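Enquirer: Listed here are the chains, written in short residue letters.
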Amino acid sequence: MVLALVRRRPKQLAIAALIVVLAIVPFLGNAYYTSVLIIIGINAMVAVGLCLLMGYTGQVSLGHAAFYGLGAYISAVLSRTYHVNPWLAMLAAVVATTAFAFAVGFPIFRLRGNYLAMATLGLGIILWILFREVDSITGGPSGLSGVPYLSIAGFNFSSDFRFYYLVWGFCIAIMVISESIVASRMGRAMRAVHGSESAAQSLGVNAAVVKVKVLALSAAYAAVAGSLFTYYLTFVSPQPFDFLFSVQLVVMAVVGGLASIWGAVFGAGAIRVLSEVLHPFGELDVVVFGLLLMVVMILTPQGLVRGIADLWHRFVSVRLAPTR
Amino acid sequence: MGAIYAVVGLGFTIIYTVTGVINFAQGEFVMLGGMVSFSLITALGLPLPLAFVLTVVLVTLVGVALNLLTIRPARQASNISLIIITIGAALFIRAIAGLGWGKNAQPVPPFTGSETIGFLGAYVRIQSLWVIGITVLLVLLVYLLLNRTLVGKSLKAAAINSRAASLVGIDARTMSLVSFALAASTGAIAGMVIAPISFASYDMGVMLGLKGFVAAAMGGFTGIWGVLLGGMGLGLAESLAAGYVSSAYKDAIAMVFLFAVLLINSRNLAGEEKR
Numbered sequence: 022m023v024l025a026l027v028r029r030r031p032k033q034l035a036i037a038a039l040i041v042v043l044a045i046v047p048f049l050g051n052a053y054y055t056s057v058l059i060i061i062g063i064n065a066m067v068a069v070g071l072c073l074l075m076g077y078t079g080q081v082s083l084g085h086a087a088f089y090g091l092g093a094y095i096s097a098v099l100s101r102t103y104h105v106n107p108w109l110a111m112l113a114a115v116v117a118t119t120a121f122a123f124a125v126g127f128p129i130f131r132l133r134g135n136y137l138a139m140a141t142l143g144l145g146i147i148l149w150i151l152f153r154e155v156d157s158i159t160g161g162p163s164g165l166s167g168v169p170y171l172s173i174a175g176f177n178f179s180s181d182f183r184f185y186y187l188v189w190g191f192c193i194a195i196m197v198i199s200e201s202i203v204a205s206r207m208g209r210a211m212r213a214v215h216g217s218e219s220a221a222q223s224l225g226v227n228a229a230v231v232k233v234k235v236l237a238l239s240a241a242y243a244a245v246a247g248s249l250f251t252y253y254l255t256f257v258s259p260q261p262f263d264f265l266f267s268v269q270l271v272v273m274a275v276v277g278g279l280a281s282i283w284g285a286v287f288g289a290g291a292i293r294v295l296s297e298v299l300h301p302f303g304e305l306d307v308v309v310f311g312l313l314l315m316v317v318m319i320l321t322p323q324g325l326v327r328g329i330a331d332l333w334h335r336f337v338s339v340r341l342a343p344t345r
Numbered sequence: 286m287g288a289i290y291a292v293v294g295l296g297f298t299i300i301y302t303v304t305g306v307i308n309f310a311q312g313e314f315v316m317l318g319g320m321v322s323f324s325l326i327t328a329l330g331l332p333l334p335l336a337f338v339l340t341v342v343l344v345t346l347v348g349v350a351l352n353l354l355t356i357r358p359a360r361q362a363s364n365i366s367l368i369i370i371t372i373g374a375a376l377f378i379r380a381i382a383g384l385g386w387g388k389n390a391q392p393v394p395p396f397t398g399s400e401t402i403g404f405l406g407a408y409v410r411i412q413s414l415w416v417i418g419i420t421v422l423l424v425l426l427v428y429l430l431l432n433r434t435l436v437g438k439s440l441k442a443a444a445i446n447s448r449a450a451s452l453v454g455i456d457a458r459t460m461s462l463v464s465f466a467l468a469a470s471t472g473a474i475a476g477m478v479i480a481p482i483s484f485a486s487y488d489m490g491v492m493l494g495l496k497g498f499v500a501a502a503m504g505g506f507t508g509i510w511g512v513l514l515g516g517m518g519l520g521l522a523e524s525l526a527a528g529y530v531s532s533a534y535k536d537a538i539a540m541v542f543l544f545a546v547l548l549i550n551s552r553n554l555a556g557e558e559k560r
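Order-wise, the sequence lines are chains X and A. Everything in the first sequence is counted per my numbering, starting at 22 for the first residue and increasing by one. Everything in the second sequence is counted per my numbering, starting at 286 for the first residue and increasing by one.
Just chain X, with the same shape it has in the complex (with noise of 0.2 Å):
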């Protein structure tokens, strides 16, 4: 009976547990886990876009640490330096960073694998450099601090506990758009650019659109993730944007099988994890992931979860098959 809802509805029961899961855990008390499960959701936003970019899509993106940063920069000296309501400099951002995106979208689109990779490495490189080095707007080095809390007609998200439920609030609203555009008619052509190009041209898919859309979109999505970030920390710096930073997302969405957006909430989880459980022995978790980028990429190039989900598909089929 479980075994066979299991088997006809197994994404609403894997929702339905997330949800229960995940609103049961700031009730545990434990300020680590729920701070952890914080820059969880944060990072999950952003594996989710750049999953949609690289699965969906299949343009690889080196440089996504650089629109997770312009939001949470565009946020923070919005709502700092010039006293602008911070949800209102959170949509600044937003729209500013997906503007920012189509603009480079269209010429950066012409190029096409690895010289697409060193372009968009070469722009991440040139934000975080700009991040640093325009002292006067973003404080230099040493960063901004004293960015305000969010809140809500005088109820503020101050306390971990509260930041919790809105930053899951975001990602699961994220989760569901993602997983409604990737059914629809966009989903479909996103599929299409990524098996043949030129296949896709000649079904009257507008490849270069679909590309640069799929792009702004998740810069939007980073730019929601990297405003939370700040009005979480009420803090900004270059530090947590820099190269590694884009390459773990990428870490994220490889690891949680590239083309699943529940496998990039899972990498997202799993990396953070490993990062916290690993972090103490020096860069010891930078080595794992290096090592996990390797072996998952030559053993699965569908990604972990994938690799996971169809060895479960195989084991619940043979359980479940009619004996004949």
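None of these hints come from the bench; they were simulated from the model. Since the model is a prediction, treat every value here as computed from it, not as a measurement. Every residue gets a Cβ at the ideal spot worked out from N, C-alpha and C, and that includes glycine. There could be a bad hint or two in this list.
To be verified - In silico contact screen, one side only, chain A against chain X (beta carbon under 7 Å); selected entries: (1) P358; (2) S366; (3) L376; (4) F377; (5) A527; (6) G528.
Starting from the known structure of chain X, fit chain A onto it as the hints suggest.
Expert: Chain A only, in chain X's frame:
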């Protein structure tokens, strides 16, 4: 510096023309060259020529291992997967180096004396002359290797058409291996000659690798001379920018160059990818 970018770019070009892979770990070969020679010279007290040869051998072995363990099993994978694999390798090598050697930049003694000499009204460090001399020598050697020996000709054949090459008995896998070995050894030499000037540190590979790539891209990934010009041009542009604008934006110059080259050439490059 331009000469170093050229040598690093040479490594990119060799691997790219033979295998079509952009090897993100190229900068890590350079870092290993610097760090290994630091250990051999300073910690073990080996004489310079011996340390030089040993370093090249060790780093070349790393390049061979990288090829055998990661590129060969994943040969069927797409370009994107291969890029991600080499990024993973770069992270792995860098982090191990950070754990093993610590995070401090290590001073490496220069090959001969640390004083500067006057030359045409400018003062240059003797080590800089070593850098330029070794670069020229290395470029000549690689040129001769590619154009005058059987191995070089096989490499070129495998690069042009690996199936046709295999028909005349050239094993593409071996050639891929040779290209990694060659790139690793040139990277190691670059690391060794630059370390006395810039210090050796576990994270020196990132920027050097990127700039080497820019040099290679400016040269169009085609030949040795293009890379040489690209590297020199980049080095010149950087020092001009550092002098006239601000040294803080020195690294950004390379990235702006990267964009310019990629976008100007995007039609050619896109065409090449489809091949």
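Enquirer: When the hints from earlier in the document are held up against this structure, which numbers fail?
Expert: 5 and 6
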